[in-house]
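Take the sequence shown: its letter number 33 is residue 33 in the UniProt record's numbering, and every next letter is one higher.
Just so you know, the hints here were simulated from the structure itself, not pulled from any lab data.
Warning: the hint list may mix true and false statements.
[Stated by the list, open to error] Per label pair, the in silico range of CB-to-CB distance: (1) Leu79 with Pro3: 35 to 41 Å; (2) Ala91 with His1: 38 to 44 Å; (3) Asp94 with Ser16: 28 to 34 Å; (4) Glu24 with His1: 23 to 29 Å; (5) Leu2 with Arg81: 40 to 46 Å; (6) Lys95 with Pro3: 44 to 50 Å; (7) Arg98 with Glu44: 32 to 38 Å.
The beta-carbon is built from N, C-alpha and C at its ideal position, and this holds for glycine as well.
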Amino acid sequence: HLPAASISGGQKKLLSIACAMMTEPKLLLLDEPTAGVHPNLRGELIGELRRIHGQGVTLVVIEHDMHFIRELCDRCVVLDRGAAIANCKPAELDKNRRVLDAYLGRSHRAPRPLEAS
1 HLPAASISGG
11 QKKLLSIACA
21 MMTEPKLLLL
31 DEPTAGVHPN
41 LRGELIGELR
51 RIHGQGVTLV
61 VIEHDMHFIR
71 ELCDRCVVLD
81 RGAAIANCKP
91 AELDKNRRVL
101 DAYLGRSHRA
111 PRPLEAS
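Modelling step: build the complete structure from the supplied sequences, incorporating the hints.
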């Protein structure tokens, strides 16, 4: 048993999630849950969140780590300047031009195929 002040950032994230779960919520809001988490603890965090979701708790995740989103989420709403620009499955994000323009810029778009004239 260690004092909370002496545990890692990732362990603190897991501890804060455990504390939130003590209230038996129907919805858990997570703001950047992977920020400051060591890659070795990331799998444990994903496993714990999947377990929580399996108990019927809705997870709302604000996150920039798209690998994490793809591993955890079954639905994404992408915001740009406060407006929803996409509501889709994580696998569809790479094909959404509005998402690519907003987060990667136009230069990262795949060129449109040439049409025969």
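Against the structure, the hints:
Judged by the Cβ atoms, the range 35 to 41 Å given for leucine 79 and proline 3 holds: they are separated by roughly 37 Å. Restraint check, alanine 91 to histidine 1: a C-beta distance of roughly 42 Å satisfies the suggested window 38 to 44 Å. The hinted window of 28 to 34 Å between aspartate 94 and serine 16 holds, with their beta carbons roughly 31 Å apart. The hint said 23 to 29 Å for the Cβ distance between glutamate 24 and histidine 1, and at roughly 24 Å that hint holds.
Take leucine 2 and arginine 81: their Cβ atoms lie about 42 Å apart, and the range 40 to 46 Å holds. Between lysine 95 and proline 3 the CB atoms are about 47 Å apart, so this pair conforms to the stated range of 44 to 50 Å. A C-beta distance of roughly 34 Å is found between arginine 98 and glutamate 44, which places it inside the suggested range of 32 to 38 Å.
No hint from the list above goes unmet by this structure.
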